[in-house]
Each structure stands twice: as C-alpha cells, then as structure tokens.
Amino acid sequence: MISKFLLAVGLAVVMVATSVSSYVYLGSRQSKVAAPVQKPTAATPRAQAFVLPGTIYLAQAGALYSFSAGRFHQLTSEAGWMQPALYPDGSHLVVVRRFASYSDVYAMTPYGAVTAQLTDNAVSARNAWDIGANDWSFYPRLSPDQRTLWMSYDGPKIVGANYFDVDLAVWALPLGASIRQGKAWTVANSYTGGDMQPVPVSGGIMYTKFSYDQNGNRVGQLWFTNRAGAAGRALTDTSAGCLEPSISPDGNTVAMICTYQKQVSYLTIASWSGASLGPLQTVVKDQLVAEPIWAPDGSGIAYLAPGGPAAPFQLWWLPRNAYAPPAPSPIPTPSPTPGGPHNGPLPTPAPSAAPVAPVVKPIQITANLGFDATSPLAWSG
Amino acid sequence: MPLGIKPGHRARKSRGRLSPFTTLTLVVLAIAMSGVAGGFAYFMPAALVAWNSTAQAVQVPSPSPAEILFSPSPSPSPVAQPGAFTVLLLGSDDDSKFSADHVLTQSMILMRVQPATKEVTMLSIPRDLYVHLSTGGSGKIDGAYSYGAAGAAIATVEQDFGVHIDDYIWVGLLGLVKVIDAIGGIDIVTNSPVMDDYYPADVYGSWPYDYQRVAVLAGPQHLDGIHAMQYVRSRHSDLQSDFGRSKRQQQVLQAIRLKAKQLAPSDLPALATAIGGELKTNFGLDKVAQLVPLAASFDNPDAIHQVLLLPPYVEPGAPGGSLTPNWGLISRLVHQTFP
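Sequences listed follow chains R and G, in order.
Counted from 1, the first sequence has number 31 at position 31 by my numbering; the numbering is strictly sequential.
Counted from 1, the second sequence has number 284 at position 284 by my numbering; the numbering is strictly sequential.
This is chain G alone, in the form it adopts within the complex (with noise of 0.2 Å):
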C-alpha cells in the first residue's frame, strides 16, 4: 500500500468510479436507446392513428334466404391470381348533419388489385342504387352503412353482386380533405367545368344544411383539399349526376397515389395527425406496410382499369328517386374481374 493513502478512502474512490470500458458502453448504449426513443416519439402520432384506425373488427352478418334469393345467377368467376385482393372503399359525409356511424357512404368503389400483373380495377357503384340491404328490407345502397357500419355495407354488396371482400377502407369526407393538404394538394385535369349553385355548405359552415356557390374551372389545375372535394362531391350540374361524380371520384383516387408516390416515411406522423379519425380499416398494420411499396410499383396508368355502372346496366324508377340494377348484366360485368 502506497504511503499517504487510506485503505478505506481508496475502497469508497474506486466504488465511485467506473472502468473505461463500462463507461463506453454506457455511452453507446444510451445514444442507441436515446435515438430509438426520438425517433418513436416522432412516429407516435402516427404509430396511435394506425393503431386506432387499422385492424377495426368487422362483423359480416350472413345473408338471410330472402336475400340470397335475390342474388345474381352465377357466372364463371376470374381465374384467382396469387395474392389478388378486393377491397371496398367507402367515402361518407360526416359532417354535423349526421350522427358518428350513422352516416351515408356517398362513394363506394369496389376494387380489385392484382399485384402479379399490376393491374387495379376500380368498379363505382352508385350510392343510390336500390337493393336489398343486409340488415333487412330494401333501400339505397348508400344507407347500408348507417344501419350497420362497414359489416353492413360488406354484407350488401358481397350479398347483391356476389363477390367476397378482403379489406374495406372508409373515409370521411374531412378526412379526404385533409389528406390532400396533408400531401400538398393534387394535379388533376378537370375535362370541363363543374359548376354548382347548391353545393352544400356542411363542412366549415356554421349551418350544415346552407349552400355555397361552387365553380371547378376547366384544364389542368392544382387542387387541394377543399377544391378537390368540390370537384368530387358536386352532382347537380352533371347530366351523368352521381355517374359523373364517380368518375370524378376515380380521377382523384389516382391522383392521390400518384402524389403520395413522392412521400418520404418521415411524412407519416403530420398525414396521421392530419387523418386523425376519419380513416377506419379492416387492414392489419402488417398488411399495410406490405401495401405501401405495392401501392408504389403500380405505375402503368393503362392497367387502372375505371368501371362505372351506367345505364342498360342500371334504370331509373326506383322507389324515392333510385335507380333500379339490371343485375344479369351487372353480374356479367362484375364476374369478368372480381370473384
């Protein structure tokens, strides 16, 4: 033992001091643990948004003999590709005017995608077609999912057009909206001008049942959210009514995707926190990291394929201004894609 030093101050110096080595793998460990946990606070708005907006459990109530009665006669289905897909997209107004979950789905496009040879086809179905629904008794199409949720609306077109659905995604009118902005707005080309003097004012207004004065112009234009769901959501200057406003409805849809193209991962949390709860899907968070990139490599706008059911196909005459499915030609058309 040195002279000058004391065993027991020693003991207690050394106690307090650590060896180069722990102190560096201290220091390693504890920049590794800081960094994950910035970057997992940056992607936790996001990472709560999927969790509270993915994976939703859908109940699909059976069909009922009457309506099984009424589906369409079989016809041969579409070969099935490996790892094809059909997804029900449902869009609502969910404005004040309307109860959570008790709204219409003013938008639902059946689509199919073929990730093997990279084709989407994309079928509108008019909201005010009139079928037999799958909570029971008979009405537009767009009120299935008032009475039921997104369980009800699966059930009634899987029941009605005798096609199974994989996934659905629903989308609130605010949320279209936001996620446009969210992205930066979208370049659309409108082939002539919608113009509407009785758009409804239910979104920003402070009465929900007040109009506005809506103009599109005509060409190629930069829109965000507010203009694009103009351009999507107005009918009444259109012969084609709510026809014309389906393929406005896909027009958008593909501009979208091909804005969100140029999305970085890190943009995530501000389009979830911009989604907030106007997105629910059935899709698991697995599934849709394996969506984003096949989203991404679909890029042949020839093999999107836009399907509208517009007359022989439907007629008017139905009950309350609805239009009557002719479904033997329906049926046809709807088997040469979706099985």
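Chain R with its partners taken away, still in its complex shape (with noise of 0.2 Å):
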C-alpha cells in the first residue's frame, strides 16, 4: 500500500518527466532537412577518408578553403571570398570577392593572404546614387605566360543610364592594368547574362555563353574565340545546355556539365582538337553535377553533387577509370600443341567470356558540408 501523498507527488513528478520527454523525443525526431552545415574545418576526418593528390581550393558560405592530404584549412573569413583560380606556377591564387552590388578580383597567396587589388568596381562615392553603376567580375583566369587576367565583366557603364539589361562578356586586360586597358573579347547576347567562364586553351579562350533558342529559353552552350570582338563559334548545341568547361591538364580533353534544358545536371567530357570538340561523352548521369576539374595528374576529375537528395553541395571524386577504362588484356591465342606434328584438327579455344570492366563509381569526398557550387575549384599537383 502507498501513502497517497506520495503517490500524488510521484505522479506529478513522473508526468513532468513523461511530457518533457514526449516533447524533447519529437524534436530529436526532426528530420536533418534544415540541419545547418558544418565548416569544413570542424568536420572530422573519416577515418579512411580517401586522399586525393595535391591542394584543392573551395568556397564555402564566403570563405576559402584548401583541402590537401584530407584536411581542410581555412584561408579567408567569410567574406564575399569565391571563384579562386590558380596562376599557371601555382604561386598565387586569383579570386573573386563579391560585395553587395558588385564584386572584384583579388591576387592572393596560397594561404590567403591577399596582394593586390586586380579590378576596382564599386562605383565612386560621387555617383554612388546609381546603384547599376557598380560592375561585377566573375570567373578570372590568367592565362599561361601569367600576364592577362581573363574575367566575365559587365562595365563599364555610363551613370544614370539605368541598363535593365545587364551582360557580362568576357574580358583580357594585363595583369595589374586599369580595367581601361582592358579589352572585351566577346560580344553578349542580350538579356541573356552574357558570356561567363573564360578558360584559356590553346590559341584562343573558351567560354559558356548564353543565348535564347528556338523555343525562346535561356540556355548555355560552350563557344570558343581567338580574336577580341570576333564573333566566335559553337562548340555545343544549344539542345545540350552545357557550361562550365575544364580543359584536362594535356589539353586534350574538356569536362563539362550539360543540363539538356532540364533540371538534371550530366558530368560530360569531349575530347578538343584545338578548334572542336568531339562527340559528348555522358559520365555521371545520377548527380546533380557542378564546377568539374581535372586532377592535375589526370588521375580523374573532382566535383561538387549534392550529398543527398536535395542536400548542399559536396566533394566528389571521379577516378580516371570510370571514363577511361584500362584496354583490357589480349585474349591469348592457341599455340600449337608442343611435341611433334598434330594429327586432326587442332583443338578449339573454349570460348572465354570478355573481360568485364569494374564499374567505377563516383566517391563522395566530404559529408554535411555546403559548398558554393557557383564557385568553380582549383587544384594544385
């Protein structure tokens, strides 16, 4: 028998306890939709997390990381800071920062610490009224000699015209010169967006430009020019909605990703002539695939996917293997049975099934973080 009192007093206790518990136990069954990312510095290692070769440069929520020998460190705060690209020694880093109302190119060392200013966008506090006067700089690139700074670049602009069509072409200007002496190469399309990421490649640039088909959409298609204000020339249809080229460190061969018009995302790649490309190639079909780049060993090609259905964006690894599979090993031929001449027909090889290549999947690098897959990546070897 138990005194009431005490049942009672045990009964309150025991009901608080029951409906905190209920409540803390539906919340922790929230489900880890909205769970904030993780910077990659405070992610933990796994413990047989695959190492890929030299330094990669990221972006994440306005800051740059390195992440070599599976470590990540962070090189900026978050500041505005994406789209790093390396210089062709590797001694520097071109990158974008982008404010508010425009954004400009910095040079910076391989542990971020910034050297000098490359573009001077933001409008001057005199005409600061006009808020389309700022410019943006998007996607820089120097090309091989380190002497030109590429860019898609939307100035200069004249003060109160109130442009609602707003292009970026791509632009060359030496490197460290006013953007006066500058030079656009290309001609945008209008109120398309314009001409984006510039990639030098031998003899000319290569470039996503942007332009309305048939049907009227807004669609990405690879183009390449040798010459300022030439009018350049297709490498892709507008059907496959490609963009985002990265030419393979032998210059022979571009990964890209093509939308088809659709929200699907194909890692592609075609091999590049030096005036076309060859036939698309569709590598990775299940992802949502962004900013791939080639490992500068050519050992295969790094991205960014989502690390789950409709997740943030992560690392991804593609091994060479899975575009370029091995030649498989000659099937050996029958010799001549050894000791002496052979009466009657010579024996018939048992038919051997071909040799089926491994299927190689992508690996997911990194988990529960939020890369800015707006930002292409660099790779030091």
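Since the hints were made in silico from the structure, they are not lab data.
Quick reminder that beta carbons are idealized off the backbone N, C-alpha and C, glycines included.
Incorrect hints may have been included.
Heads up, simulated DSS-like pairs for lysine-lysine below, C-alpha to C-alpha not over 25 Å straight-line [unchecked claim]: (1) G:Lys-261 to G:Lys-178; (2) R:Lys-157 to R:Lys-183; (3) G:Lys-118 to R:Lys-262; (4) R:Lys-285 to G:Lys-247; (5) G:Lys-261 to G:Lys-287; (6) G:Lys-178 to G:Lys-247; (7) G:Lys-261 to R:Lys-262; (8) R:Lys-285 to R:Lys-262; (9) G:Lys-178 to R:Lys-39; (10) G:Lys-178 to R:Lys-32; (11) R:Lys-285 to G:Lys-261; (12) G:Lys-261 to R:Lys-32; (13) G:Lys-247 to G:Lys-118; (14) G:Lys-287 to G:Lys-118; (15) G:Lys-247 to G:Lys-261; (16) R:Lys-285 to R:Lys-361; (17) G:Lys-178 to G:Lys-287; (18) G:Lys-261 to G:Lys-118; (19) R:Lys-361 to R:Lys-262; (20) G:Lys-247 to R:Lys-262.
Take a look, some chain R residues computed to stay more than 12 Å from chain G by CB distance [unchecked claim]: (21) Pro-110; (22) Pro-174; (23) Ala-184; (24) Gln-261; (25) Val-264; (26) Pro-326.
If you follow the hints, you should be able to join the two separate chains into one complex; please do so.
The following block contains the structure:
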C-alpha cells in the first residue's frame, strides 16, 4: 500500500518527466533537412578518408578553404570570397570577392594573404546614387604566361543610364592594369546574362555563352574565340545546355556539365582538337554535378554534387577508370600443342567471356558541408 | 482486532493509502496523459497555424452577365478522373508597400492534380494579362486579388478561362523565403544567369521602394530562401520577362516538392512557425492530411507538365503595357487539361 500523498508527488514528477521527454523525443525526430552545414575545418575527417593528390581550393559561405592530405584549412574569413583560380606557376591565386552590389578580383597567396586588388568595380562615392553603375567581375583566370587576366565583366557603364539589360562579356586585361587597358573579347547576347566562365586554351578562349534557342529558352553553350571582337563559334548545341568547361592537364579533353534544358546536370567529357569538340560522352548521369575539375596528374575528375536528395553540395571524386577504362588485356591465342606434328583438327579454344570492366563509381569525399556550387574549384599538383 | 492497534487509526491509515492495482493504473494513466500532453505541446504551433491558415472561407462572386458574354467559347472538357482537382496557386508581394489583403498576385499558377495517373499540370497565368475582373471592369489579372481577396481572384480565373477551381493556396513573398529556409534550402539548376540591376529591395530593406543588384549565377546550386526568391522574382534581364519568371517559379515549386519529401512529421512545428501568416488556403485539415502522402507519391518528373501562355496565346499591346489574351487559343489549350 502506498500513501496517497507520496503517490501524488510521484505522479506529478512522472508526468512532468514524461511530458518533457515526449516533447524532447519528438524534437529529436526532426529530419536533418534544415540542419546547418558544418565548417570544413570543423568536420572530422573520416578514419579511412579518401585522400586526393595535391591541394584543392574551394569556397563555402564566402570563405576560401584549401584541402590537402584529407584536411581542410581556412584561408579567408567568411567575407564573400569565391571562384579561386591558380596562377599557372601555382604561386598565387586569383579570387573574386563579392559584395552586395559589386565584386572585385584579387591576387592572393595560397595561404590566403591578399597581395593585390586587380579590379575596382565599386561605383565612386559621387555616383553612389546609381546602384546600377557598379560592376560585376566573375570567373577570373590567368593566361599561361601569367600576363593577362581573363574574366567575365559587365562594365564599363554610363552613370544614370538605367540599364535593365545586364550582360557580362569575356574581358582580357594586362595583369595589374586598369580596366581602361582591358578589352572585351566577346559580344554578349542581349538579355541573357552574357558570356561566362572563360578558360584559356591553346589559341584562344573557351567560354560559356548564354543565348535564346528557337523556342525562346535561355540556355548555355560552349563557345570558342581566338580574337578580341571576333564572332567566335559554338562548340556545343543549344539543346545540350552545356556550361562550366574545364580543360584537362594535357589540353586534349574538356569536362563540362550539360543540363539538356532540364533540372539535371550531367558530367560530360569530349575530346578537344584545338578547334572543335568531339562527341559528348556522359560520364555521370545520376547526380547534380557542378564545377568539374581535372586532377593535375590526370588521375580523375573532382566535382561538386549534393550529398543526398536536394541537399547541399559536397566534394566528389571520379577516378579516371570510370571514363577511360584501361584497355582489356588481349585474349591469348592457342598455340600448337608441343611435341610434334598434330594429326587431326586443332583444338578449338574454349570460348571465354570478354573481361568485364568493373563499374567505377564516384567517391564522396566530404559530408555535411555546403560548398558554393557556383564557385569553380582550383587544383594544384 | 490485533492488540495495540486502535480502530480509528487503522481506518485513517487505510483511507490514505491505495492498493497496488489502483496505483499502477494511475501511473500508467499519468504516463499516457502526460506523453500525449507533451506531444500536444510540441505540435501546438503547427496546429494553431494550420487552424488559422486552412479552411479559409472564400466567397466566389457569380459573374455578371457582361462577363459571361466575354467568356470563351465552350470547348470539349477533359474526361473527369476520380479524385482529380484544380488548385489556384497565388503568390503575392506583401511587403510594406501594400496593405494586407490588398496585394497584387505576382504569380498565378493553375494546377490540375490527377491522383489516378499521378500527373500534375501547371499553367502559369501571366500577371499582366488584361481581363475582365470578377469585381467589375477590366484590368491586369494580378489586381483581382487586391480588389476582393482570393474569392475575386478565383472568380476572375473561372469566368475568363472557363474552368472550375476547387481550392486555392496563397503564399506571401516572405512565406516563400521562410518555407525554403525552413526546409534547409533547395537544389536548382539555373540554366542561365539571372542578373538584375534594379531588383526591388522591399523585403528586408528600410525603404520599400529601394533597389538592389542581383546576380544568381548559372549552373546547379543550393539556394536559400532569399536567393530562391531573387531567382523567381527577377524579370528585368529576361527577354521573356514575366514568362521567363513563370518558368523559374515552376522550377522552384518542383524543387520545394522534392525537398519536402525529405521532411518528417516532427518538422511541422518549425515549418509552421516559419510560415506564420504567410499562407492561406481553403483546404481543410482533413484534405491537407490526404494531400501530404499524395504529394510524396508524385515522383515521376515527366508526369509534371508545365504550360506557359506565350505568344500567340497572348500578345502585347493592351492598355498599360498589359497583354491581350487570345481566348480562342487559350480556351483550346486550357480545356485539354482543366474541366
């Protein structure tokens, strides 16, 4: 027999504990869809994490990170930094710093120290009333001789002109020089967003041009031009919707993404002759692939893609065997039976099945992070 | 009676104590009740929002004779499928430039849901379409809601397009931002950059008539609420203007649906808190409960049809920069899907 008083007190305690527990339990059963992403430096490397060669530079939440030997290092604060690209000699990076109304290109050491501001796109204080007079610079790259800065740029503008059409063109300017010494290499199509993602290749520039197809859809297309102001020529069809080109270390293959005007993004490669692209070969079809980049040693392609359905973007790695499987070893031909002349028919070799190349799947390198999928990766050897 | 025990004392003691069975029953009952109470407290915000947002009474005014005369010529209706229904999705700029319930609908999407075949058809109605309004007179269709809330918007679409609308959902601008943030963002493939130098800075700025620069770069990306809103709302740098924007709105709706499939029931309170008063619908809670699993079962992207009213269905040249509808063509198109 239990005292009523003790029972009442006990029940009160049990009820409070149960109701709080049930509340907390339900809270713990929330899905992880809105869980904040981790900082790359806070993420614990997995015990047997896949280690990529060299150093990859990536952007997350406005900060730049380097990734080498399986570990991340934060290079900058979270202050609008994005789109790193390496100097060809690997000594520096060119990066974009994006502000609310404009963006500028900077030179930076591989350790995150800014060494120079290469553009000056903020409108002057005198003309600050016209927000449209600010400029964007995106996707900076350096020429192989490190003397020319390539970028997408929407200036120069006339203050007060109230442009509703904002199209970036591919510009080239001597490294460290004023934009007045720069030159527009491409002529953007009106009301498309313009020409983006320039990649210096032998004999000219490969870039993504946006245009309207015959159905009025705005789509991306890879283009090539070898002269400032020249018309250039299309390398892919509008129906393929290809963008984000990346040239292989040997200069013979281009990786890109193709969207086919749908909510898909396939990793695609094609041979590059210096003048035209070969047939498009879809390499990864079941992911939303962004910003492919070749390993400096040619051992594969890294890219960004969601870590799960509709999730933030993670770093993935596709080994070379996935898109260029090694040639199968030749099937041995039967040799005559040793020991003298053979009487009768030669033995027929037993039919052996052709060796099946193992399916090589992409490898997820990171989890719980949230890389900026509009920021190309840079990779030093 | 045993020695040493007084009769009155024993009776008092016995009244102050309970048998083990009664005690056990009480404990079980208390645990069950308090567990339910904890759950009730957890889901209370969602229940309140659901109560306030759903089952909104809607007065659909009957069209005037003049408006009936204006209605498109009848064309064969699609075969009615069991369980199929038509929803009018309305999206409004509800920033401080406007007073509540007198907002324009920047986005109007007529959606036909066919559970039997798991097909969805989304028809975007241009906001600049020049139509007879159910409240009288003519004007851009985006003004219908501002003159008579959801009822007027529904009646206008019903009379002009000759369709029957079963339900409506209205979402405010901030509602879209909050919903997308509450589900952790969405993945979108932006097939081209969206650049806008005169994008309205009316959501979080101090002056609702201010502008800001927007640059949503091309390619696959994970968008939070603010950037998704910029993507669907900008129209200055698109030759297709409102049509291009409608296309982007349909992409974002599909991305939200895809992400919503990852949600658990325990996410509802956080989602409801985020939405607040930014959502209204005439769906009752019972129908919402039916729709959630239904929405999750629509997993074939090819069964989601997107329809835009591009020229020649509409032509420019109507008053105030609005669009003239070609009702003959529109009627034939609409009645392929919408009864």
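Hint check:
Taking the CA atoms of Lys-261 of chain G and Lys-178 of chain G, the gap is about 17 Å. The hint holds against a cut of 25 Å. In summary, the hint linking Lys-157 of chain R to Lys-183 of chain R is supported, as the alpha carbons are separated by about 14 Å, within the 25 Å threshold. This hinted pair checks out: Lys-118 of chain G and Lys-262 of chain R have alpha carbons roughly 20 Å apart, not beyond 25 Å. With a CA separation close to 24 Å, the supplied pair Lys-285 of chain R and Lys-247 of chain G stays within the 25 Å bound.
With a CA separation close to 18 Å, the supplied pair Lys-261 of chain G and Lys-287 of chain G stays within the 25 Å bound. Distance hint between Lys-178 of chain G and Lys-247 of chain G is fulfilled; the C-alpha atoms sit about 21 Å from each other, no more than 25 Å. At most 25 Å may separate the alpha-carbon atoms for a hinted pair to count; Lys-261 of chain G and Lys-262 of chain R meet this at roughly 20 Å. With a C-alpha separation of about 13 Å, the suggested pair Lys-285 of chain R and Lys-262 of chain R falls inside the 25 Å cut-off, and the hint holds.
A distance of roughly 23 Å separates the Cα atoms of Lys-178 of chain G and Lys-39 of chain R; the hinted pair therefore holds under the 25 Å criterion. About 17 Å separates the Cα atoms of Lys-178 of chain G and Lys-32 of chain R, which keeps this hinted pair within 25 Å; it holds. Between Lys-285 of chain R and Lys-261 of chain G the alpha-carbon distance is near 22 Å, which keeps this suggested pair within the 25 Å criterion. For the proposed pair Lys-261 of chain G and Lys-32 of chain R, the alpha carbon gap of about 12 Å is at most 25 Å, so the pair holds.
This hinted pair checks out: Lys-247 of chain G and Lys-118 of chain G have alpha carbons roughly 21 Å apart, not beyond 25 Å. A hinted pair counts as satisfied when its Cα atoms are at most 25 Å apart, and Lys-287 of chain G with Lys-118 of chain G qualifies at roughly 17 Å. This hinted pair checks out: Lys-247 of chain G and Lys-261 of chain G have alpha carbons roughly 22 Å apart, not beyond 25 Å. Between Lys-285 of chain R and Lys-361 of chain R the alpha-carbon distance is near 11 Å, which keeps this suggested pair within the 25 Å criterion.
The hinted pair formed by Lys-178 of chain G and Lys-287 of chain G meets the criterion: a straight-line CA distance of about 23 Å does not exceed 25 Å. Taking the CA atoms of Lys-261 of chain G and Lys-118 of chain G, the gap is about 15 Å. The hint holds against a cut of 25 Å. Between the alpha carbons of Lys-361 of chain R and Lys-262 of chain R the distance comes to roughly 23 Å, so the proposed pair stays at or under 25 Å and holds. Of the supplied pair hints, the one linking Lys-247 of chain G and Lys-262 of chain R holds, its CA atoms being roughly 11 Å apart against a limit of 25 Å.
With a least beta-carbon separation of about 24 Å from chain G, Pro-110 of chain R lies farther than 12 Å from that chain, consistent with its non-interface assignment. Taking the minimum C-beta to C-beta distance to chain G, about 26 Å, the non-interface status of Pro-174 of chain R holds against the 12 Å cut. Residue-level check passed: Ala-184 of chain R sits 16 Å from the nearest beta carbon of chain G, beyond 12 Å. Its closest Cβ contact with chain G, about 6 Å, brings Gln-261 of chain R to no more than 12 Å, contrary to its assignment away from the interface.
Against the 12 Å criterion, Val-264 of chain R falls within the reach of chain G, whose nearest CB is about 7 Å from its own CB. Every Cβ of chain G is farther than 12 Å from the Cβ of Pro-326 of chain R; the closest lies at roughly 31 Å, confirming the non-interface assignment.
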